[in-house]
Every structure is written in C-alpha cells, then in structure tokens.
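Asker: Chains as they are written, first to last, in the numbering used here: chain A, 1 to 170; chain B, 1 to 233.
Treat the hints as calculated values from the structure; they're not laboratory data.
Some hints could be false.
[Said to hold, decoys possible] Residues on chain B that point at chain A, a partial pick, calculated with CB under 10 Å:
id	residue
1	33
2	70
3	73
4	117
5	172
6	218
7	221
8	224
[Stated by the list, open to error] For lysine to aspartate or glutamate, the following EDC-like pairs were computed, each having C-alpha atoms within a straight-line distance of at most 20 Å:
id	chain 1	residue 1	chain 2	residue 2
9	B	177	B	157
10	B	117	A	94
11	B	177	B	150
12	B	117	A	72
13	B	117	A	86
14	B	33	A	72
15	B	108	B	182
[Claimed, not checked] Pair ranges (Cβ atoms, derived):
id	chain 1	residue 1	chain 2	residue 2	range
16	A	115	B	87	38 to 46 Å
17	A	60	B	36	20 to 28 Å
18	A	53	B	211	46 to 54 Å
19	A	97	B	211	41 to 49 Å
20	A	117	B	169	20 to 28 Å
Just so you know, even glycine gets a beta-carbon here, dropped at the ideal spot from N, CA and C.
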Amino acid sequence: MIIAFTPSADETKLLASAVAELIRPGDLVLLAGDLGAGKTAFTQGFGAALGIIEPITSPTFTLVNQYQGRLELFHLDVYRLDAVDEVLDIGLNEMLDEGGVTVIEWGDTVIPALPADYLQVSLRMGEGDDDRMFEIELVGPRWSARTRALSTALAPWLGEAHEMPRVRER
Amino acid sequence: MLILGIDTATAQVSVAVGGHEGVLASTQSVRGKQHAETLTPAIEFTCRQARIELSEISVVAVDLGPGLFTGLRVGVAAAKAMAHALRVPMIGVSSLDLVAFPLRHCPKLIVAAVDAKRGELFTASYRQVPGGLQRLTPNHVVSPDDLASELLATAEECVLVGDGATRYREVFDGLHKVEIIEEGLSYPSAASLVMLAHARALREEWVKPWDLQPLYLRKPDAEINWQTRDGAP
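The shape of chain A in the complex, shown without the other chains (with noise of 0.2 Å):
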C-alpha cells in the first residue's frame, strides 16, 4: 500500500501523471472514493500525460468513454450499474484484450468480476477543499512488480498512514 497526499487539483493531475508514465498495454487500473473525491479530475491528469488532447468527461451516463493516446484508454464509471457482472456486459473483457489501459471508477465495487491484476487508486478528500489523500493498492503480479517504481515516481507526494487526517465531517 502507497499512501500519498497532495495538496491542490493541479498536485493531483500531476500525481495521476506520474503514475500514467509507469502504464503498460493491458493495464486496468480502480479508482475509488466518494462522489467529488476526484475520480474523474485525476482520469484527467491520467489521460493527459499519456497524451490524449480530447477533453475527458465523466462517465456516469455513458457508461465507457474511450480515448486515444500512446495508448488507448478506456474510462468506466459503474456507478449506475446494480450487479456486479453489468460491468461483463459493457465489454470490459474485450476492452482487456484490447491492449490499452482500462480506468474504472467505482471499479472497488465490481472487484468479483475482475482479473486479479490491477493498481486501486483510493481517493480521499483531506482537511482543505483541494487535498487529498491516496491509497494505492498493487494488486497481482503485473503492479507488484512496479511497486518500487511506483513509489519512486510518486515520492514528491509520498506520506506515512499515521498522518493521515481526521476524517471529515460531511
């Protein structure tokens, strides 16, 4: 587990940047958090360094949006799904074999239908509007062998569990 902080949207961008840099073809990666954690800001940050110039939008209504850059990203939110398989029927297994990266937000919440194999990306909003805290989960063989460079590309943002803050009130 990588736990991290940053303290502003643009610090958060440049995070997901750091972390698109280390993506390989095939990649699915989960991020979770609450409504306006900032999923979808960091899909953003992501999609930017791996060089897509379309603006990138949430996904809740349609379900996949799909981008081309160095590699071809595929954006799920499965919030509106009610069964974990939905994600199946939205083509997830093909999208997988497409051989470009796969973001799911919510994706925590469908993990039974999933490979084994992904990097959760937990957001958490901090004690200001603009930080936030992560936790960063390598899960299976293809991330855990990335942990190293993971956390060497991460280490301006780098922080230890027992600073995390209070939770809050909401």
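Start from chain A and add chain B according to the hints.
Answerer: Positioned in the frame of chain A, the structure of chain B alone reads:
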C-alpha cells in the same frame, strides 16, 4: 419457408438467407469490432442478393452465443427486433453448435472452442450421429491449458475448431491425436445457422422473440453493495 440468419457472436459478422432450397445468399466479414455498423448493411445486402423482401421472411434465426458480450447482443437485439416487427417466430442456436456443424462429416471427436477473452475459451464436444451432430458435453468455460488436458484425457482422435483454437494454437499444436482446423472454418457462420434452423423450423421448434435469451455462460449475478461504497473508510 424463408429463414433469415444473423450471427454476431464472435469477431465475424455473418448474415444468410435460405430455406427449402438451401442457402440462397450469405455474407461474412471479420473486422473485429463495430458489429452495430456492419450488421444492418449486411442484412440489406444479403436479402438483395437472395432477391427477397424482408416481408417474405418467416423465421428469424440467431446465434445465441456464447461469445463476445457486446457483439453478441447487437445480433440478438437486431434479430429480436426484426422478428417482433415481422411477427415471426425465432430459433436460437449456440455458437459452439455452429462452429462444429461444418465438421459434421468427420468421424472423429469434434471439439469447438470459441474465444472468451481473458485467457479463457467457451467449449463443447460433439460426435457424429445419423442426421448430424450430438453434443456430448455442456457448454463450459475453460482455460486453453485445461482444455488441452481434457483432450489428452479422452485419448481419442479429435479435431479442434474455432477462433479459440486458432488463437491459442501453440497450446494445442503437436498434441497427440489433436488436429487443429485452420482458418476458413474458425467462425460460426450464418449459412450453418440457416441450415440448422431449417431442420428445426420443419419440426416447428421455434420460440417467440421475447422468450429468446442469449447464452452468456456466467455465474449468477451478485448485486453491487452500494452501502459498502458509501461507508468506505
């Protein structure tokens, strides 16, 4: 009786029209994706080539899968919509039955393998019987390695056919008594669909459009626990 056959269960989109006289016209194209864009022109073209109007269709047959979810649903949805609009019944056939069908004259064990993605295959086995093929196993999902073990365990001469077989060719190459059927027969074809459906139509083994369900071969769905999400630490 004229049958319209639609197959979008795999990377290939295939349409055929036929009846008592056999298959009148058929179309197939393999471009991987965009089944939605490919299917309607294919239906129009095939009907024109067969010199028939859609109103002359008396049964709509469709490949039910198992196959690729998004592509499969394009065909099943289109077939249902057409059958409903034409007020005709439907016949559904599994993709594995269709992949095996062209090999029905082969006396060996016939094993159909359709690519399920994520390193898995949909598979079923068949044997020649008078009049066609008999399916010996239920449709099931298996890894290429496990299928190879299953084939070796039968210790029989077998032919392995389907886009799953060609995709994982290196797993099956050189296996004792296993012959891989190469390109040209890898995909289920709408021509096979029309022929198989015709036999069933003669026995009136058809269903109403709303009773037709695709074959996903998935475990029962679990609901997403949105409560957990809201309270996540």
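Asker: Each hint needs a verdict: does it hold in this structure or not?
Answerer: For each hint, the structure was consulted:
1. Restraint check, residue 33(B) versus chain A: the minimum CB separation of about 8 Å is within 10 Å; hint holds.
2. Contact between residue 70(B) and chain A, as hinted, is supported at the beta carbon level, the nearest pair being about 4 Å apart and thus within 10 Å.
3. At a threshold of 10 Å, the smallest CB-CB gap from residue 73(B) to chain A is about 8 Å, leaving the interface hint in force.
4. Interface hint status for residue 117(B): upheld, as the beta-carbon distance to the closest one in chain A is roughly 4 Å, under 10 Å.
5. Among the interface hints, the one on residue 172(B) is violated; its C-beta lies about 20 Å from the nearest C-beta in chain A, farther than the 10 Å criterion.
6. Annotation: interface hint on residue 218(B) holds; nearest CB of chain A at approximately 6 Å, less than 10 Å.
7. Nearest Cβ of chain A to the Cβ of residue 221(B): about 4 Å, under the 10 Å cut. The hint holds.
8. Interface hint at residue 224(B): satisfied, since its Cβ lies 5 Å from the closest Cβ of chain A, which is below the 10 Å cut-off.
9. For the hint pairing residue 177(B) with residue 157(B), the CA-to-CA distance comes to about 5 Å; that is within 20 Å, so the pair holds.
10. A distance of roughly 7 Å separates the Cα atoms of residue 117(B) and residue 94(A); the hinted pair therefore holds under the 20 Å criterion.
11. A C-alpha spacing of about 12 Å is found between residue 177(B) and residue 150(B), which places the hinted pair at or below 20 Å, so the restraint holds.
12. Note on residue 117(B) and residue 72(A): the hinted pairing holds, with a Cα-Cα distance of about 18 Å set against a maximum of 20 Å.
13. Of the pairs offered as hints, the one joining residue 117(B) and residue 86(A) holds, with about 16 Å between alpha carbons and a cut-off of 20 Å not exceeded.
14. The straight-line distance between the Cα atoms of residue 33(B) and residue 72(A) is roughly 15 Å, inside the 20 Å bound, and the hint therefore holds.
15. A distance of roughly 16 Å separates the Cα atoms of residue 108(B) and residue 182(B); the hinted pair therefore holds under the 20 Å criterion.
16. At roughly 44 Å, the beta-carbon separation of residue 115(A) and residue 87(B) lies within the given 38 to 46 Å, and the hint holds.
17. A hinted range of 20 to 28 Å for the beta carbons of residue 60(A) and residue 36(B) is consistent with their spacing of about 22 Å.
18. For residue 53(A) paired with residue 211(B), a C-beta distance near 48 Å keeps the hint of 46 to 54 Å intact.
19. Separation of residue 97(A) from residue 211(B) is about 32 Å and departs from the stated range, judged on CB atoms against 41 to 49 Å.
20. At about 24 Å, the beta-carbon gap between residue 117(A) and residue 169(B) stays in the expected band of 20 to 28 Å.
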